[in-house]
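Student: What follows is each chain in one-letter form.
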Amino acid sequence: MDSAPVLEVRNLHTHFFLRRGVVKAVDGVTFSLKRGEVLGLVGESGCGKSLTALSILRLLPQEAARTVEGQVLLDGEDLLAKSAGEMREVRGQRIAMILQDPQTSLNPVFSIGNQLHEALARRPDERGRSLRERAVDVLRQVRLAAPEQRIGQYPHELSGGMKQRVVGAIAISCAPEVMIADEPTTALDVTIQLQYLNLLKELQTSLGMGILFITHDFGVVARMCDRVAVMYAGRIVETGPVREIFDNPVHPYTQALIASVPKLRDTAERLRAIEGQPPALSDLPVGCRFADRCPHAEPRCLEKYPEAVSVGENHTASCWLAA
Amino acid sequence: MQRYILQRLVQGVILLVVVTSVVFFIGRMTGNPVDMMLPEDATEEDRQDMIERLELDGSVMDQFGVFIVDAVQGDLGTSIRYRQPATDIFFSRLPNTLAMIPPAMILAIAMAIPLGILSALRRGGIIDRISATIAVLGISTPNFWLGIVLIYLFSVTWGWLPSSRMGGPLNYIMPTVTLGTFLVAGFMRLIRSSMLETLDSEFVKLARIKGVSETAIVWKHCLRNALIPVLSLWGVFMGGLVTGAIVTETVFAWPGIGRLTYEAVIFRDYPLLQAVIIMDAIFILFINLLVDILYAYVDPRIRFE
Ligand SMILES: Nc1ncnc2c1ncn2[C@@H]1O[C@H](COP(=O)(O)OP(=O)(O)OP(=O)(O)O)[C@@H](O)[C@H]1O
Ligand code: SF4
Ligand SMILES: [Mg+2]
Numbered sequence: 001m002d003s004a005p006v007l008e009v010r011n012l013h014t015h016f017f018l019r020r021g022v023v024k025a026v027d028g029v030t031f032s033l034k035r036g037e038v039l040g041l042v043g044e045s046g047c048g049k050s051l052t053a054l055s056i057l058r059l060l061p062q063e064a065a066r067t068v069e070g071q072v073l074l075d076g077e078d079l080l081a082k083s084a085g086e087m088r089e090v091r092g093q094r095i096a097m098i099l100q101d102p103q104t105s106l107n108p109v110f111s112i113g114n115q116l117h118e119a120l121a122r123r124p125d126e127r128g129r130s131l132r133e134r135a136v137d138v139l140r141q142v143r144l145a146a147p148e149q150r151i152g153q154y155p156h157e158l159s160g161g162m163k164q165r166v167v168g169a170i171a172i173s174c175a176p177e178v179m180i181a182d183e184p185t186t187a188l189d190v191t192i193q194l195q196y197l198n199l200l201k202e203l204q205t206s207l208g209m210g211i212l213f214i215t216h217d218f219g220v221v222a223r224m225c226d227r228v229a230v231m232y233a234g235r236i237v238e239t240g241p242v243r244e245i246f247d248n249p250v251h252p253y254t255q256a257l258i259a260s261v262p263k264l265r266d267t268a269e270r271l272r273a274i275e276g277q278p279p280a281l282s283d284l285p286v287g288c289r290f291a292d293r294c295p296h297a298e299p300r301c302l303e304k305y306p307e308a309v310s311v312g313e314n315h316t317a318s319c320w321l322a323a
Numbered sequence: 001m002q003r004y005i006l007q008r009l010v011q012g013v014i015l016l017v018v019v020t021s022v023v024f025f026i027g028r029m030t031g032n033p034v035d036m037m038l039p040e041d042a043t044e045e046d047r048q049d050m051i052e053r054l055e056l057d058g059s060v061m062d063q064f065g066v067f068i069v070d071a072v073q074g075d076l077g078t079s080i081r082y083r084q085p086a087t088d089i090f091f092s093r094l095p096n097t098l099a100m101i102p103p104a105m106i107l108a109i110a111m112a113i114p115l116g117i118l119s120a121l122r123r124g125g126i127i128d129r130i131s132a133t134i135a136v137l138g139i140s141t142p143n144f145w146l147g148i149v150l151i152y153l154f155s156v157t158w159g160w161l162p163s164s165r166m167g168g169p170l171n172y173i174m175p176t177v178t179l180g181t182f183l184v185a186g187f188m189r190l191i192r193s194s195m196l197e198t199l200d201s202e203f204v205k206l207a208r209i210k211g212v213s214e215t216a217i218v219w220k221h222c223l224r225n226a227l228i229p230v231l232s233l234w235g236v237f238m239g240g241l242v243t244g245a246i247v248t249e250t251v252f253a254w255p256g257i258g259r260l261t262y263e264a265v266i267f268r269d270y271p272l273l274q275a276v277i278i279m280d281a282i283f284i285l286f287i288n289l290l291v292d293i294l295y296a297y298v299d300p301r302i303r304f305e
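Chains as they are written, first to last, in the numbering used here: chain W, 1 to 323; chain S, 1 to 305.
Honestly, I wouldn't trust all of these hints.
Taking lysine-lysine pairs in the DSBU-like style, the calculated list, with each CA pair at most 30 Å apart, reads [what the hints assert, rightly or not]:
#, chain 1, residue 1, chain 2, residue 2
1, W, K82, S, K205
2, S, K205, W, K201
3, S, K220, W, K82
4, S, K220, S, K205
5, W, K34, S, K205
6, W, K34, W, K201
7, W, K82, W, K34
In case anyone wonders, no lab produced these hints; they're calculated from the structure.
Please build the complete structure, drawing on both the sequences and the hints.
Tutor: If you want it as structure tokens, here you go:
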């Protein structure tokens with residue numbers, strides 16, 4: 001899998017400019033996603049994963065949030081330089097996204113069919129099928145039972161797992177090059193989670209999309225991803241192929257995350273197993289951001305931020321121990 | 001859907017029975033109506049005479065029985081002042097009120113929806129601040145006062161508009177503004193806050209992710225959701241409309257139901273007052289039924305419950 005990256009994020013900074021100060025929620029994120037690859041973005045709650053995704057789509061949550069630096073290259077074109085109108089052509093058509101909670105991500109007052117049509121209508125069908133036929137077809141692709149009936153139904157008539165399939169159908173309706181899945185299974189029942197992950201994997205293989213898969217869960221990473229980027233306090237601290245990261249984690253934070261994966265899969269709680277708290281994003285230290293919690297911290301860790309260095313094939317880490 | 005309507009109808013009938021009883025017994029609790037109606041120098045003979053004429057000689061429960069039996073047959077008593085069946089008077093005045101409500105509603109809606117949406121879209125902007133001012137003024141200005149000020153300026157001082165009674169279209173302007181102002185503030189703030197909430201929702205985020213245009217986000221995805229709380233608070237607005245109509249019609253000598261209510265109170269015409277209140281209740285229940293049906297149409301979650 002050495003093809004050119006379809007999505008490249010370089011030195012991305014997205015900050016909240018609040019009255020009480022500047023919250024540097026995304027502060028120098030760099031990673032790339034290759035065509036047809038699944039890249040996991042892992043890190044504890046609040047480290048800036050969702051905000052990174054929304055920065056890529058340029059859908060920041062409020063006026064106070066702004067992307068102040070960096071580049072987001074889709075096939076080499078910088079999305080941050082595009083006009084609002086051009087950006088709308090990218091959303092849904094070239095980059096799609098699945099949100100975390102299926103209970104709230106569909107509009108309660110419009111039918112499933114209506115919400116699918118909105119997405120499908122943006123691209124004419126080369127086979128000349130009607131919107132309805134295409135909607136049924138795309139629902140079939142996400143393995144929703146009885147799609148003909150579903151399109152007339154409203155979100156409240158579907159279970160959480162079914163709704164998330166509809167959200168998936170919306171995401172693939174324009175055959176995007178990149179799909180961002182922001183913890184797509186955290187809100188689902190455990191039994192349904194696995195089915196959904198399998199479905200995503202299947203769609204990814206058949207459509208050849210690159211997926212940026214955001215999760216708390218290293219167990220899910222092992223199942224889904226080709227490569228993984230570990231994020232801590234607004235930056236990527238380690239990147240590498242999944243096997244390599246599991247077998248040979250270099251950054252102490254990655255090591256702690258992997259050590260805290262229990263044998264039995266439960267939910268997000270486990271990442272808290274690491275002692276201490278991440279630093280306040282409004283008052284970040286100059287040195288390594290993990291230093292407070294790191295068992296190997298040395299004086300130089302506090303003085304200067306460790307730049308990413310190569311520690312193996314396609315494997316980089318930002319830690320003075322590796323430098 | 002039919003079950004839903006039937007359910008609402010049954011609820012309406014129960015409510016009507018409650019309203020009727022409350023109106024009746026409160027009327028009696030305020031004292032013997034005869035004492036209130038007779039002039040101060042009336043003799044005991046006059047008093048007996050009146051008691052018999054108004055069939056007030058039985059016990060309160062007996063009177064209530066008679067009242068209910070008559071009411072079911074459409075007889076809500078005879079007005080003391082007009083000496084006509086109270087319902088006849090009500091229906092002769094009803095068209096005048098019905099002629100004033102739609103323009104006031106249209107004015108309120110035509111102002112509230114765009115202003116509510118615009119102030120939600122540009123929170124803290126100029127339109128938001130102007131509409132907040134309008135809302136504060138609208139809520140804190142008693143509408144009898146607004147009515148009087150309008151009359152003073154537009155009729156007395158400048159002589160542009162007729163000050164009272166019905167007539168040509170010009171007669172509608174001031175009552176419409178007076179009654180509409182009463183409604184617009186609440187409407188506008190409600191639409192603003194529910195627009196803000198929906199604009200911030202996950203489904204709007206997903207719609208943007210799909211690449212839906214901002215225009216469709218506002219007018220399709222948000223507005224329909226934002227109208228749900230407005231419709232569910234409709235009952236409160238109806239209450240406001242009734243009190244608003246009483247004040248407005250009184251100020252502008254508008255011969256409608258509101259003015260009739262006021263007269264019934266002033267002239268102690270208790271059968272008329274009872275009848276007007278009960279008919280108002282029926283009217284409000286009917287409007288609320290229509291709104292409930294509309295509500296079910298807007299919000300599919302209701303339709304299937
Ligand atoms: N509206 C906001 N105002 C101020 N700060 C915010 C706002 N939204 C998010 N943040 C900050 O941005 C940081 C990153 O948020 P983000 O949602 O990207 O975290 P996340 O990694 O996706 O976490 P989770 O795993 O809980 O979803 C948070 O720590 C928070 O401090
Ligand atoms: S740079 Fe120092 S403090 Fe930071 S993770 Fe490495 S060893 Fe720990
Ligand atoms: Mg998140």
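Student: With reference to the structure, classify each hint as holding or not holding.
Tutor: Hint-by-hint comparison with the structure:
1. W:K82 - S:K205: holds, 20 Å
2. S:K205 - W:K201: Since the Cα atoms of K205 of chain S and K201 of chain W sit roughly 24 Å apart, the hinted pair holds (cutoff 30 Å).
3. S:K220 - W:K82: Answer holds: K220 of chain S to K82 of chain W is near 26 Å, not above 30 Å.
4. S:K220 - S:K205: holds, 14 Å
5. W:K34 - S:K205: Distance ~26 Å between K34 of chain W and K205 of chain S Cα, so the pair holds.
6. W:K34 - W:K201: Distance ~15 Å between K34 of chain W and K201 of chain W Cα, so the pair holds.
7. W:K82 - W:K34: holds, 22 Å
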